[in-house]
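Here's the letter readout for the chains.
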Amino acid sequence: MDELDLLKKDWNQSSDNHKVSAKSIYAMLHKKSSSIVKTLFYISIAELVFWILINVLPTFFSKSYNEQLDLVYSNKTVLVLINVVSYAIILLFVYLLFKSQKAISVTDNAKKLMESILKTRKIIKYYVLYNLIVLFISIILGLYFGIKHSTEASNMLTNASTSEMLVFYGVCFVMALFFLLCFWLFYKLLYGLLLKRLNRNYRELKKLEV
Amino acid sequence: MNKELEHNFVELLEKHQNIVHKVCRLYTNNYDAHNDLFQEITIQLWKAYPKFRGDAKFSTWMYRVGLNTAITLYRKSKRTISTQDFEGVSFKISAEEYDDTQEQQLKVLYQAVHQLNDIEKALVFLYLEDKDYREISETLGISEVNARVKMNRIKTKLKTILNP
Numbered sequence: 733m734d735e736l737d738l739l740k741k742d743w744n745q746s747s748d749n750h751k752v753s754a755k756s757i758y759a760m761l762h763k764k765s766s767s768i769v770k771t772l773f774y775i776s777i778a779e780l781v782f783w784i785l786i787n788v789l790p791t792f793f794s795k796s797y798n799e800q801l802d803l804v805y806s807n808k809t810v811l812v813l814i815n816v817v818s819y820a821i822i823l824l825f826v827y828l829l830f831k832s833q834k835a836i837s838v839t840d841n842a843k844k845l846m847e848s849i850l851k852t853r854k855i856i857k858y859y860v861l862y863n864l865i866v867l868f869i870s871i872i873l874g875l876y877f878g879i880k881h882s883t884e885a886s887n888m889l890t891n892a893s894t895s896e897m898l899v900f901y902g903v904c905f906v907m908a909l910f911f912l913l914c915f916w917l918f919y920k921l922l923y924g925l926l927l928k929r930l931n932r933n934y935r936e937l938k939k940l941e942v
Numbered sequence: 042m043n044k045e046l047e048h049n050f051v052e053l054l055e056k057h058q059n060i061v062h063k064v065c066r067l068y069t070n071n072y073d074a075h076n077d078l079f080q081e082i083t084i085q086l087w088k089a090y091p092k093f094r095g096d097a098k099f100s101t102w103m104y105r106v107g108l109n110t111a112i113t114l115y116r117k118s119k120r121t122i123s124t125q126d127f128e129g130v131s132f133k134i135s136a137e138e139y140d141d142t143q144e145q146q147l148k149v150l151y152q153a154v155h156q157l158n159d160i161e162k163a164l165v166f167l168y169l170e171d172k173d174y175r176e177i178s179e180t181l182g183i184s185e186v187n188a189r190v191k192m193n194r195i196k197t198k199l200k201t202i203l204n205p
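Each protein sequence line maps, in turn, to chains A and B.
According to my numbering, the stretch in the first sequence is residues 733 to 942, in order.
According to my numbering, the stretch in the second sequence is residues 42 to 205, in order.
I should point out that these hints are in silico values taken from the structure, not numbers from a laboratory.
Heads up, a few of these hints could be off.
Stated by the list, open to error - Calculated lysine-lysine pairs in the DSBU-like style (CA-CA distance at most 35 Å, straight line): (1) B:K200 <-> A:K851; (2) B:K196 <-> A:K831; (3) B:K172 <-> B:K98; (4) A:K939 <-> A:K928; (5) A:K834 <-> B:K148; (6) A:K938 <-> A:K928; (7) A:K928 <-> B:K63; (8) A:K843 <-> A:K763; (9) A:K764 <-> A:K928; (10) B:K196 <-> A:K834; (11) B:K172 <-> A:K831; (12) B:K44 <-> B:K56; (13) B:K200 <-> A:K831; (14) A:K938 <-> A:K741; (15) B:K198 <-> A:K763; (16) A:K755 <-> A:K741; (17) B:K88 <-> B:K56; (18) A:K851 <-> B:K148; (19) A:K741 <-> B:K44; (20) B:K200 <-> A:K854; (21) A:K764 <-> B:K200; (22) A:K939 <-> B:K44; (23) A:K834 <-> A:K808; (24) A:K843 <-> B:K148; (25) A:K795 <-> B:K88; (26) A:K843 <-> A:K920; (27) B:K198 <-> B:K172; (28) A:K851 <-> A:K763; (29) A:K751 <-> B:K98; (30) B:K200 <-> A:K763; (31) A:K854 <-> A:K843; (32) B:K200 <-> A:K939; (33) B:K148 <-> B:K117; (34) A:K844 <-> B:K92; (35) B:K44 <-> A:K740; (36) A:K770 <-> B:K200; (37) A:K844 <-> B:K198; (38) B:K198 <-> A:K843.
It should be emphasised that the depicted structure is a prediction, and the values quoted were computed from it without experimental measurement.
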């Protein structure tokens, strides 16, 4: 006799001792879910808000930041254009995120469900990547214009020896690297822990199709 | 959500709750973890219930939501001990004590099934529930042929665990 057939016989005979009453089921309906979709959704919202704040807060609260902006963008239309484009991109991400979040359905087959969750995760990944790139470019542009507009800094740099310049670039490089590493570790940890099981099971399902 | 919907749902779930218990039994290994997973599956079933059209059988629909919750959605609580954590250990002891009585064999079988990975467990679960390969493949999103091949591999795997 097949091992599983033996198990099947017992499986169908055994009734569970802990039967849950209708009253308990009613109570459960109002409990909070601890599904990863919900957690992912909250994290996505937090990330959206975080990056929007990073973009918006300096313009509201820092006078010197605004003065710098005025200085750099003597052409106002360029500034407006950049703002419009960046908000449009954020809105596009919000739209994509909600659309993919809505597409997650627990009644899909296992593989499709996993794929929809991973797709949502991918959108937020691209959003973060986009923001990191924009941040990186703004830092470089900021440095460039900052040095160009500050006579003190330009003088210092033109008078600096080669070794001093090397140190300057080295420090900039290490700082940028450290900054990126921190971000990378943070995301690795956050999503790695959260999606470890899902990724493992998805790989297992994919393996079956080879 | 209106009261009538809630009432219908609770009535149906109470009647078919054994399916959920079986999923919990396969994917957890202690009382608290069992109850946690039962609650999560109940919440997921309830959230999906308004879209349940009744053209599928309630029990069939439960298999899908139950397994999806166990394999994908459920974030294990701290109380859950992963079956993979003590892989091998529990089995070794049982294998030494193993004798020919059917009860012993069943015990070892259950332990062997517990050592399978999440996807393999899902296949075993549907097989034990007498689902055909078409339904197994539709529930997991793999082809019928692959479901069959994988099931045969699991059977061989179980055989080797039981007769080393």
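Quick rundown of the hints versus the structure:
no., hint, in the structure
1, B:K200 <-> A:K851, "38 Å, violated"
2, B:K196 <-> A:K831, "41 Å, violated"
3, B:K172 <-> B:K98, "13 Å, holds"
4, A:K939 <-> A:K928, "17 Å, holds"
5, A:K834 <-> B:K148, "43 Å, violated"
6, A:K938 <-> A:K928, "15 Å, holds"
7, A:K928 <-> B:K63, "24 Å, holds"
8, A:K843 <-> A:K763, "27 Å, holds"
9, A:K764 <-> A:K928, "22 Å, holds"
10, B:K196 <-> A:K834, "38 Å, violated"
11, B:K172 <-> A:K831, "34 Å, holds"
12, B:K44 <-> B:K56, "18 Å, holds"
13, B:K200 <-> A:K831, "46 Å, violated"
14, A:K938 <-> A:K741, "31 Å, holds"
15, B:K198 <-> A:K763, "39 Å, violated"
16, A:K755 <-> A:K741, "32 Å, holds"
17, B:K88 <-> B:K56, "18 Å, holds"
18, A:K851 <-> B:K148, "41 Å, violated"
19, A:K741 <-> B:K44, "39 Å, violated"
20, B:K200 <-> A:K854, "40 Å, violated"
21, A:K764 <-> B:K200, "41 Å, violated"
22, A:K939 <-> B:K44, "45 Å, violated"
23, A:K834 <-> A:K808, "39 Å, violated"
24, A:K843 <-> B:K148, "31 Å, holds"
25, A:K795 <-> B:K88, "49 Å, violated"
26, A:K843 <-> A:K920, "23 Å, holds"
27, B:K198 <-> B:K172, "20 Å, holds"
28, A:K851 <-> A:K763, "27 Å, holds"
29, A:K751 <-> B:K98, "22 Å, holds"
30, B:K200 <-> A:K763, "42 Å, violated"
31, A:K854 <-> A:K843, "16 Å, holds"
32, B:K200 <-> A:K939, "22 Å, holds"
33, B:K148 <-> B:K117, "25 Å, holds"
34, A:K844 <-> B:K92, "18 Å, holds"
35, B:K44 <-> A:K740, "38 Å, violated"
36, A:K770 <-> B:K200, "40 Å, violated"
37, A:K844 <-> B:K198, "27 Å, holds"
38, B:K198 <-> A:K843, "23 Å, holds"
Hint check: violations occur at hints 1, 2, 5, 10, 13, 15, 18, 19, 20, 21, 22, 23, 25, 30, 35 and 36; the rest are consistent with the structure.
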